[in-house]
Amino acid sequence: MSQRAPRTGGGGSMNSRLSFVGGFIVLLIIAGIGLSTMKYVQVDEGQAAIELVQGRIVAVHGPGPIFRPFAPFTEIELVNVRRQARQISQNVASSDKQLYDIDIQVDFRRLPTEQALRAAYAEIGVSDTLLGDFLDGFINDALKSASTQFTLDEALSDRGSFAERIRRFLTTPPGDGQRAPVDQLYITIEAVKVLDIKVGDTYAQLLAEKANLEVQIETEQKRRQQIEAQQANNLFQAEQEALVALTREKGITAAALEAANREAQVRAIEGRYWRENPELFELRKRELLVQMMSKGNVWFVDPNTNLTLLLNNQAGDGQALVIPQPAPSNP
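The sequence shown runs 1 to 331 under UniProt numbering.
I should point out that these hints are in silico values taken from the structure, not numbers from a laboratory. Computed from a predicted model, the values in this text were never measured in an experiment. Incorrect hints may appear among the rest.
Derived lysine to aspartate or glutamate pairs resembling EDC-like cross-links, with alpha carbons at most 20 Å apart [stated by the list, open to error]: (1) 144 with 75; (2) 198 with 153; (3) 250 with 239; (4) 39 with 101; (5) 144 with 107; (6) 97 with 190; (7) 198 with 154; (8) 193 with 158; (9) 193 with 239.
DEER-style ranges, computed between Cβ atoms [to be verified]: (10) 233 with 202: 20 to 30 Å; (11) 62 with 213: 55 to 65 Å; (12) 222 with 80: 15 to 25 Å.
Note that CB positions come from ideal geometry on N, CA and C, so glycine has one too.
Input sequences plus hints: build the corresponding full structure.
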């Protein structure tokens, strides 16, 4: 009998198939492990991401995608850096020993810098709830401190100063070597607002009466100001009228004085002409005598009369003056 040689081609093909399948399985296992340990996080606007490897911060990321294909020991923590608000209601006592309820709101946000985020994660983590609890404690302390600096009336009438005092407490170091509350929490204060102040019924009634009295006082002050303004206006008008009358009288007096002065100057000039020109004086007397005789009565005048003054006064009266000549003296 003859013996057949063994076939080797089929066995090699089988081995190669087994090797391919095994390699494929290994790739699937590796891919599965990679997919199971892959990290993909989408960081939105208003967020930051802290990347940790075995609990150690290796990077801080801003908005955008983060992809780590094979990262079994990598963790990514999202941090909220948006503006947040905390509202606190508390019963406090004013500097004048009045109890009242106050509601305030504090707007804040985490510091978005890498250094601040690293420090905040190490000290207080990334939980908004935990951060809010810490901040509420500081706000309550600030309320107690601020309320003792204002009377109840001042707190009601000047809420802005009250809110500013709370902000100052949160942003100022206490002075005993500690950091300010905002530095301890790695936040920044955006706004502090006093939402409401509630008082008791008795005090509310007193405030209402005070407000009514203030309105009455203000109304009376306005009425008094109107009266004073009217009196000032009347006085001004009287002064102006008196000034106008005085100016008018001064003008009339000045005109009369000017006329009298000019008339006196004319008479003085006429008298000087008559003294200096006897012929002109005689001619003037004759003219006056003619006028008097042509119009009316004839009057006889004593020769010792001041003829200059008499002629001037009688020039237009329509009366004739006969001036007798003095009797000649005997030698």
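A quick look at each hint next to the structure:
A threshold of 20 Å between alpha carbons decides the hint, and for residue 144 with residue 75 the separation of about 41 Å lies outside it, so the pair is violated. With a CA separation close to 12 Å, the supplied pair residue 198 and residue 153 stays within the 20 Å bound. Between the alpha carbons of residue 250 and residue 239 the distance comes to roughly 16 Å, so the proposed pair stays at or under 20 Å and holds. About 49 Å separates the Cα atoms of residue 39 and residue 101, which puts this hinted pair outside 20 Å; it is violated.
Of the supplied pair hints, the one linking residue 144 and residue 107 holds, its CA atoms being roughly 19 Å apart against a limit of 20 Å. Between residue 97 and residue 190 the CA atoms are separated by roughly 31 Å; this puts the pair beyond 20 Å, and the hint is violated. Restraint check: the Cα-Cα separation between residue 198 and residue 154 comes to about 14 Å, which is no more than 20 Å; the hinted pair holds. Among the hinted pairs, residue 193 with residue 158 is consistent with the structure: their alpha-carbon atoms are about 12 Å apart, no more than 20 Å.
As the CA atoms of residue 193 and residue 239 are separated by approximately 56 Å, the hinted pair breaks the 20 Å bound. Evaluation of the 20 to 30 Å hint for residue 233 and residue 202 yields a failure: the beta carbon distance comes to about 47 Å. For the hinted restraint 55 to 65 Å between residue 62 and residue 213, the CB-CB distance of approximately 59 Å keeps it satisfied. Between residue 222 and residue 80 the CB atoms are about 54 Å apart, so this pair departs from the stated range of 15 to 25 Å.
In this structure, the hints that do not hold are numbers 1, 4, 6, 9, 10, 12, in rising order.
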